[in-house]
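Engineer: Those sequence lines, one after another, are chains A and B. The first sequence maps to residues 1 to 307 in my numbering. The second sequence maps to residues 1 to 332 in my numbering.
Simulated from the structure, these hints should not be mistaken for lab results. Warning: the hint list may mix true and false statements.
[Stated by the list, open to error] Within a straight-line C-alpha distance of at most 25 Å, the following computed SDA-like cross-link-like pairs (lysine to any residue) qualify:
(1) A:135 - B:53
(2) B:137 - B:245
(3) B:227 - B:201
(4) B:227 - B:125
(5) A:135 - B:137
(6) A:135 - B:40
(7) B:137 - A:196
(8) B:227 - A:43
(9) A:135 - B:60
(10) B:137 - A:44
(11) B:137 - A:53
(12) A:135 - A:196
(13) B:137 - A:55
(14) B:137 - A:43
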Amino acid sequence: MSVVAPATPAAGAPSSPAPGASQPSATPAARRPARRRRPQVGSYVTMLLATVVLAAPLLWMVLASLKTPSELYQVPLQWLPHQPTLDNYAQAAQTVPLGRLLANSIGLTIVGAGLKVVLGLCCAYALVFLDFPFKRLVFGLVIATLMIPPQITIIPNYTLVAGLGWLNTYQGILVPGLASAFGTFLFRQHFLTLPASILEAAELDGAGHWRRLWRFVVPMSTPTLAAVALVSVVTEWNDYLWPFLVIDDPSKMTLPVGLTLLQNIDGMTSWGVLLAATVVVTLPILLVFLILQRRLVAGLTAGAVTG
Amino acid sequence: MTTANTLSASGAPTPPAPLPARAAPPPRPQPQRASRGRLSTRRRRSALLWALLLAGPNVALLLVFVYRPLLESFYLSTLQWNLGSPTARSVGLGNYVEWFTAPSTPTVVTTTAVFTVATVGGAMVLGLGLALLLDRKLVGRGLARTVAFAPYVLSGFAVGILWLFMFDPRYGLVQELLGLVGADSPQWYTQRPWPLVMVIVVYLWKNVGYVALIYLAGLQSVPRDLKDAAALDGASSARTLRSIVLPLLTPTTFFLLVTMLLASLQSFDIIKAMTSGGPLGSTTTLMYSIYQESFVNGRAGYASAVATVLFLVLLVVTAVQMRFVQRKVHYA
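Isolated chain A (complex conformation) (with noise of 0.2 Å):
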């Protein structure tokens, strides 16, 4: 790639200094650091005004959902709630039952994000430390499920989730996203470069597959076990359509499908109700992005893969 061909000397002025360096010819050591300055400035201003743009919302939603509505309407708008008041929350949680939204969310994210994590490891050690017929083929059919837009197959799902009287229950939510292709996929990556005279040390004396995997293979992989599992809890939280689609019963909803009934109900009236949900689905994942930032960008910068 490194062919570069960077300067095309025959664009603009022939090879001497570039037109703007009109000032009395010093070194170009010498004129670095001057015209390092002036950027600088403008640098910092960009990024405290792009900083602000990307922060502002949240910030709002925040501080929308503890204001009053007298003062959510109060045109010119204020920053700062006067008197901040849970309200907003109460009253959330009056209209849909927003406790076991939360608990909803928490449980299915856990049990999804851990079974998905297990699945990949196990099918991830199969492909890369056991022989088996048709190895590669089955490498192909995982990993080309990464292609397939889990749009396409929802009509199908749908259809055999209901034949099964699964609408409406967690397993309705759960079962059709858990096969993990993502995960094998990352497992296997990582998997290729561990050593093998550990596994063949812990062959000899004696330990089984499934002892090798648990007590050698997995204290040896836990950045990426780390990563996978954050990408999993991300985009397990923030799942909407499916669980939008399977479930109708209040109690069995999520929260970000809570969300959208509370939408419903209160339609654009209530904002401050509205928002407070809001920050209710999103504050866990900011948190949890906060604390553990730097494995989380690591699995999702990886893990763009799945579109």
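Mind docking chain B on chain A? Use the hints.
Structural biologist: Using the frame of chain A, we list chain B on its own:
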């Protein structure tokens, strides 16, 4: 495989991973030593058993919930069939013909095109800008990076709701800011093309940090001395960007282009939260129309045909990517 390469695209183009030693064919059992042969047969059988146990569940789930529905969807697209109805009538390619001739199709295609081009193009340009900015040694850039990436991990539906309030023509923050520069707030919810603009803005806000982060990783692989050499040659920073940095970022750009395209074509949550495809279908993308046809209008057969169309579009994107990746491998 394409995925292997796209994954590496966030950093430097990596050479193909060396094959592990154990991928080599197992040592052939010596025919004259019968005991050895038996042992290896037993081992092989045990390996097969373990493979079934370990890989089986995952593969079975993929077969049932990905491959089965994929094939079934093709079949459903040839039926006139309503969701939940016990009867269906085969119509061959009738659903496709209907889609291609439906009066709403040009609108859906245009909306999808505008949404896709604006979100992908916008996110790429803004993300690259942000990455170039944060690549400089600025105090506080870590915080800026965190803030930029945060929206990406949030629920799309919740983000839609939150921005709906931001855009409120009377009490929203956006109209307040527009007021500062003396502009009236457009009717974001009701008047075309504003609903589509609104949805695009929100999509950009949510995804720009992701693009920036991937670009930042890509920028790490641009050798410092190349940039210094260009500076010594008197190249302006714009020139360095155009002639050195951007060409070296091509793999990253391509990776992002493809992932963003795929994601944008499948986006649903934000549209559902903010406009439900309206008003008058002005924010109904191809993806959204699949949901509408199947789960609002109940026309599951027809919707499957539309889903197949979307699938083919995504397939073309993926195929183009594979082509490119092959070429890249050739270079390396």
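Engineer: Taking the hints in turn, state whether each one holds.
Structural biologist: Consistency of the hints with the structure:
no. : hint          : verdict
1   : A:135 - B:53  : 14 Å, holds
2   : B:137 - B:245 : 17 Å, holds
3   : B:227 - B:201 : 34 Å, violated
4   : B:227 - B:125 : 21 Å, holds
5   : A:135 - B:137 : 48 Å, violated
6   : A:135 - B:40  : 18 Å, holds
7   : B:137 - A:196 : 41 Å, violated
8   : B:227 - A:43  : 19 Å, holds
9   : A:135 - B:60  : 15 Å, holds
10  : B:137 - A:44  : 10 Å, holds
11  : B:137 - A:53  : 21 Å, holds
12  : A:135 - A:196 : 19 Å, holds
13  : B:137 - A:55  : 21 Å, holds
14  : B:137 - A:43  : 10 Å, holds
When held up to the earlier numbered hints, the structure conflicts with 3, 5, 7 and fits the remainder.
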